[in-house]
Amino acid sequence: MEKFIDHCCEKCTHTKDTPCKDFVECCVEGPICHDNDECTKMRKAIIEKVALDERFVVS
Numbered sequence: 014m015e016k017f018i019d020h021c022c023e024k025c026t027h028t029k030d031t032p033c034k035d036f037v038e039c040c041v042e043g044p045i046c047h048d049n050d051e052c053t054k055m056r057k058a059i060i061e062k063v064a065l066d067e068r069f070v071v072s
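In case it helps, the working numbering puts the sequence shown at residues 14 to 72.
There could be a bad hint or two in this list.
Simulated pairs of lysine-lysine, BS3-like, Cα-Cα distance not exceeding 27 Å [what the hints assert, rightly or not]: (1) Lys57 to Lys34; (2) Lys54 to Lys16; (3) Lys24 to Lys62; (4) Lys34 to Lys24; (5) Lys57 to Lys24; (6) Lys62 to Lys34; (7) Lys16 to Lys62.
Don't read these hints as lab results, they were simulated from the structure. Since the model is a prediction, treat every value here as computed from it, not as a measurement.
All chains should be modelled from the sequences, with the hints used to inform the complete structure.
What follows is the structure in structure tokens.
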């Protein structure tokens, strides 16, 4: 899983045909459709990867 729209594992119910009704919450706090520590870690890694660093300044 490299993007939030990717399946995190085979238990994930979010697909193109069956989108997650709680997509944003699932991305930030999930997974919601199942319990899996590895999936939670992968989601947190994506958040850390895209989070803005407060030290970053645009001039």
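How the hints compare with the structure:
no.: 1; hint: Lys57 to Lys34; verdict: holds, 20 Å
no.: 2; hint: Lys54 to Lys16; verdict: holds, 13 Å
no.: 3; hint: Lys24 to Lys62; verdict: holds, 24 Å
no.: 4; hint: Lys34 to Lys24; verdict: holds, 16 Å
no.: 5; hint: Lys57 to Lys24; verdict: holds, 18 Å
no.: 6; hint: Lys62 to Lys34; verdict: holds, 24 Å
no.: 7; hint: Lys16 to Lys62; verdict: holds, 10 Å
When held up to the earlier numbered hints, the structure conflicts with none and fits them all.
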